[in-house]
Amino acid sequence: MSAVGSRARRSASFLRPGSGLLILPPAVWVLAVLVAPIVLIGLYSVNLKTNLLGVPTAFSTANWKDFLPPGSNPFWDRFKISMTITIVVSVVTVVAAYPLAYFLAFVAGKRRYALLMVLLAPFFTSYLLRVIAWEVILNNHGVINSLLWDLGLRTRGDGIPWLIYSKFSVGLVLFYSWVPFVAVPMFVVLDTMDRSLIEAAHDLGASRLTAFLRVTFPLSIPGVIAGFVFVLIPTTGEFITPLLVGGPSSFMFGNSIQSFFTDTPNWNYGAVLALWLVAIVLVMLVLFGRYLSTDLEDAAT
Amino acid sequence: MTSAVGRLGRVGLSSYFTLLVLFLYAPLVVLVVFSFEDSYIQALPWAGFTTKWFHTAFANTDLTSALRRSAMIGLLDGLAATALGTMAAVALARRRLFLRPLWTTLLLLPLVVPYIVLAIGMVIVLHELGYQASLSAVLVGHIAISLPYSLLVVLPRLRTLDPSIVEAARDLGANPSRAFMLVTLPLLAPALVASVIITFTISFDEFAIASFIAPPGSPTYPVFLYSGTRTPSLEPQVIAIGAIVVALSMVLVLSAEIGRRWADRRLASA
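Sequences listed follow chains L and Y, in order.
According to the working numbering, the residues represented by the first sequence are 1 to 301, in order.
According to the working numbering, the residues represented by the second sequence are 1 to 270, in order.
Just chain Y, same shape as in the assembly (with noise of 0.2 Å):
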């Protein structure tokens, strides 16, 4: 038997992979590398190393508070984009639904539209409705954009469920809302917070939005970045704060993965 690959194609690709991997982290690696550097000037020779910009960032009241604030907004908005993603997936999950398909592509359609429409969209609505920018307004913007990934975490898990075991619910006397919430409920679990982290991590990052509608004196975190980034004197603390968000962010993402390899592995083995 021929395989597809052979002996060189395997070493070409693997080396290809190798590099390109190298590549995807290398940006990450640098503003790590960066967060520790003395002068205030990213570049090499390395001036020496220091660890004070992380003081300095959090000892930053307009940073932490921009932190404070879009850790807010991405908490509501994981609860209430989870809230609604798990009503639309309900309603799909159906096996008639009146114009299912009307339904189904107006809550993909925040996947699709670029966010600079909605963000401008949202400033002239605003101004319709003789409102000012606020962070409220943010987070109504962050629920929709964040909607459609609720859904499509939720609505898979919604569909395996076994019916046998609410029909027994039924059976056994709880009326259909009992039933959801002590049967469905439960076992969508894992899924529920699935959709809440991933819907907070696209808000807490969210930069398109926020910008034009998040009020001048109170910036999201991310808007706070870039403005970092436009003033030198702020530049460190930007990469030692980002340097942060970096590493946790991975942890979490390896941290997941790992975790559902043992629970799979462990329901395979039970």
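Looking at chain L on its own, in the form it has when it is part of the complex (with noise of 0.2 Å):
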């Protein structure tokens, strides 16, 4: 019963009838371990369920209208600060990588995916590590400080005090962290950009500047966005670099989130932070989702 002729069973003749079902264990365990308990931090963020002793369970939006302006709030605060840091840090990421994404597609050559594959091996290699490395670099006895000492442009035994510790050191880890696989989707655009545009723009008399700004930048624009996206998104709920080379002036929204299961127990509010975080997340996905493209979406439509 080999059906020849339709399209449709062509190419799916390698999938057994009945194969959709397969889809269910790997989405089960998806709702089991990530949606499921997304809802039970709603329940807990307006009181239907609680960690603390002796408070009854009664639905409350106090903790919400707390978290929320108007009214002051160190958290919400923090969830500014956090914001700051996570906004400046995608746009300087971004600004930076441009460059190494126009020299990897314009200059680089027959070397470029090697090259492209040299920028990448170090964002390959362990987070933590890298954080940990920087850690040592920045502190205040550390790499940095001690060659200034030895150099004697600084008194022996004093650092300097925002290179640790500060929304400078967490600026610089994110910035470092991102700024390699920021500049892949800037790269893909570039290189696959039709480069008879940019001759045309040269014929009809464009300068080398006016070619890049009325031509070869605008085409590149949805790859610029998805970079800022890349980096924006991890960064907003962003916890361990700040746990690792922040202090109290630079951890970010993630750290309160943290604080509310680790030091001082308080799940009902904290998952009022949690759930605030996930809504931000989901409103940047609806803003930019549709410059993430992926194999998997092209099926999709």
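Check each hint, because a few of them may be wrong.
Said to hold, decoys possible - Not everything, but these chain L residues come out facing chain Y in the computed CB check (under 10 Å):
#1 Pro37
#2 Leu120
#3 Asn145
In case anyone wonders, no lab produced these hints; they're calculated from the structure.
Treat the numbers as computed from the prediction; the structure is a model and nothing was measured.
Think of the CB as a built atom: it goes at the ideal place given N, C-alpha and C, for glycine as much as any other residue.
Build the complex: two chains, separate frames, hints provided.
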């Protein structure tokens, strides 16, 4: 019964009939481990469940009202600081990565894939280890400070105050972690761009700068936005980098959430913050999701 | 013809690229250099050359058992996530699938949900079910975050397979599951191996979930690393092990890339 002819039959013929049911085990796994907990977090955030002894469980939006403006709240302030760090890091990373992508696409020639690999290789090593390495470099008696002491540029024992446990150190390490990865979508867009458009601009008398500003750059914007989102979304929920190289002034929103589940357990309040973080990430996805086309989404359309 | 970049631009862009690559490799070099540092404190000037921290690290059973735990969880995660990812890929490769956008969104969700949320969510679920924190729970979480990576590796490969090969197997009398096992699966092998390696790495390096869920007495390797950085006497060992892991992963990444190019060239010339 080889049903030759029907294209639908042909393309799916290496799959058993009913193989669509195979979606269920992975889907159930993600539902149970990811979606169900978020629903539970929702219940905690409105006090329908609680980990606090002696607190009655009854629907209450008190924690939400306390957290959200108007009214001053240290965690809302932390959220604002955190988003500022995130947005500054994302913009700086994209600006720094663009010339890398441009170099690979237009200057590197045949070696561009090899050089892309050189750029990406550190990204594939342990994230935690790279942050630890930065702590060794930046800390008060670390590589940079002790080098300055040896060179006689600073008094021995006197570390540069903003070098670690600061917004600078958190920003630097986040930038370091993401810059190679952010170059990838921009490289792909620039590399696959129709070069004859740039040539046409030159033939019509455009200078290199004009051709870049009017042709190349506008065409590369989808890659730029994709790169921006590649760093924006993970950085929004970041808490490991501030834990290692940050301090009270530079802890991020993820650290606030963490504190409600470790140092001062109040799951109800922590749940409000966690749900707020999920909401922010979902808004980002709705805004930018169409720039993150994956092979899967191509299939969906 | 005017090229897109002038001579000055080429020099500027090349220098910039070189500088950034140096910046990217500097911390890794620092880690390796200071793993041979004699002093407890990683600072200049260098106190002297030693390999003692490697010996101390491997003699530290807390550290070696943490490494063993993470290797075990990573391996199980690699196998389970690849199995589940392949199931999802087979379903999504069908031309028609009921509620496809829903499944796609659901399976890609772990890529964007912050790990801190996932971690505290699991803490709450374990509490509700009355379970203790355990390494099995860490594994369950790791499988969820690894699944989309496996799917993204396996599905494109599945799409490139020529249906007529499988049809031939069917015409020769193989039933659908035999055709899948004997034809589709071997053709998928490179993607499956890549998926196991990638998901192993994700689990082996995962700190956020493990830091909440791993039992205090049996930390995974990243959790041990983190606590090591808070303990000055452990820091040199952390750096020694870190240097080995960084060197190994560099060798792995580069040999995978060289292997891929070699295979491409062979396929192209064949």
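Evaluation of the provided hints:
| no. | hint | result |
| --- | --- | --- |
| 1 | Pro37 | 3 Å, holds |
| 2 | Leu120 | 8 Å, holds |
| 3 | Asn145 | 8 Å, holds |
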